[in-house]
Amino acid sequence: MELVLPQIDWAPFAPLIPVAIGGLTTLVTDLFLPPGRKYLIAILSLMAIAASILISIGLWGPILGSDLEMVRYGIHDAVVLDRFSLFFYLVLGLVSMLTILLSMGHLDTAAADQGEYYSLVLFSTLGMMLMAAGGDLIVIFLGLETFSLALYTLAGFWRTDLRSNESALKYLLLGAFASAFFLYGIALIYGATGTTMLRQIAAFLADGHPPAPLFMIGGGLLLVGFGFKIASVPFHMWAPDVYEGAPTSVTAFMIAGTKAAAFAAFLRVFLLALPALHVQWSMAIWVLAVLTMTVGNLVALVQDNIKRMLAYSSIAHAGYLLVALVAGGSSGVASILFYLVAYALMNLGAFAVIIALQGNEQERLLLTDYAGLGWQRPVLAACMAIFMFSLAGIPPTAGFMGKLYIFSAALEGHYLGLAVIGVLNSVISVYFYLRVIVIMYMSEAASPRPLVPASVAAVLAVVMSVLGTLHLGLFPAGLLDLARQSIAAVAG
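Under the numbering used here, the residues of the sequence shown are numbered 25 to 516, in order.
Keep in mind that the hints were calculated from the coordinates and are not lab data.
Simulated restraints on C-beta separations:
no., residue 1, residue 2, range
1, R96, W399, 52 to 58 Å
2, R96, F201, 34 to 40 Å
3, L193, V454, 31 to 37 Å
4, D231, V462, 55 to 61 Å
For glycine and all other residues, C-beta sits at the position ideal for the given N, C-alpha and C.
Throw the hints in and build the complete structure from the sequences for me.
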């Protein structure tokens with residue numbers, strides 16, 4: 025029997041290769057650097073991410089050409105190179121770059137100068153990128169497990185902190201449970217269709233084969249797996265405790281990166297492989313969207329810890345993104361892509377301010393710790409105010425434009441009730457976001473805290489996030505056009 029090797033197109037793997045090499049290089053380099061030179065590991069990590077971003081930008085035009093629907097495959101249909109995957113490569117690159125900048129100052133002040141931290145960030149980013157490029161359910165699962173395993177370790181990175189240990193254990197146990205649901209869903213879909221390739225599943229349904237109960241159950245289990253990763257209700261219970269206990273830089277990375285990767289795979293599976301079942305799965309997601317928005321915002325109202333407040337806020341924002349997923353079509357998908365970028369910038373920016381304020385002190389995690397900050401640290405307080413305004417959806421910020429596009433897509437898709445519920449939830453959220461601003465500018469600190477210098481890297485992350493948040497609020501057309509270009513292969 026003659027062995028036939030598969031034809032491999034290496035172009036789809038090009039943006040992933042620098043990240044993989046960077047992860048391995050930083051892991052080995054860490055062994056030979058003295059403790060005072062660990063910052064070089066962070067610089068190597070930034071170089072790896074920058075190389076991936078440049079390659080992704082280079083592939084956008086010359087390789088794919090002028091045809092917006094041009095698609096290339098790495099191994100059969102397993103790994104996809106299209107503008108959709110390239111868009112998410114750029115988003116994940118931005119998230120990873122800001123996370124590394126946050127971490128450069130945060131790890132030093134927390135006396136945890138371990139270089140393997142940056143290797144784990146790169147390996148997690150690699151898994152997220154693979155998940156976004158997956159054209160096969162098995163590849164998506166491999167990407168899911170790759171970034172999850174790295175995040176389990178990162179969540180418990182403060183080995184001497186009981187909260188960090190608790191965070192890692194909860195995330196590991198519940199994450200493994202959700203992965204089992206996802207894998208079992210893949211097995212059931214394979215049993216019903218005979219394939220795990222997304223294009224072949226779509227062709228199977230398009231040929232007129234009625235979806236068997238086995239197939240519907242498998243799709244439901246996939247929804248459970250994705251629901252866990254995006255922290256939608258009722259699969260959200262892990263998020264507040266994990267986000268609170270993990271190192272702040274890791275929390276920022278999880279909030280932004282995990283959602284981007286999960287929604288990338290979510291969109292590709294449900295819009296490319298299961299468009300024939302839009303009516304069935306959109307009803308379930310409609311319910312999830314309403315529950316997720318409402319529960320996230322209502323519970324955030326009573327939080328006194330800013331990390332827990334932002335955790336429940338992230339749950340609510342997952343609900344807004346689900347609204348656009350229900351709406352579907354090019355407008356709905358483009359609004360998701362736009363909002364993910366805006367969401368990453370304003371959340372990473374808020375966590376950057378938290379880290380910049382820390383200095384050599386203990387973190388300011390209680391809302392009362394921010395009393396009088398508007399007069400003590402006016403620049404950082406103004407930046408935090410911008411991020412809170414953006415999260416609340418107040419113009420002229422990226423958050424406002426993102427919500428505007430999402431609710432407009434819902435109206436365009438004739439989901440008036442869902443759009444109204446989303447707007448009402450957004451109004452509710454204004455209270456707890458503005459509460460932070462009121463405390464900063466209208467409350468007096470019980471005892472003045474000494475001013476500590478912020479790390480240069482954290483300040484740079486704050487500046488990049490502020491500029492991005494304001495730019496997308498004032499000039500959103502460019503990013504929205506890129507989002508529309510990137511969805512031609514997955515949205516009808």
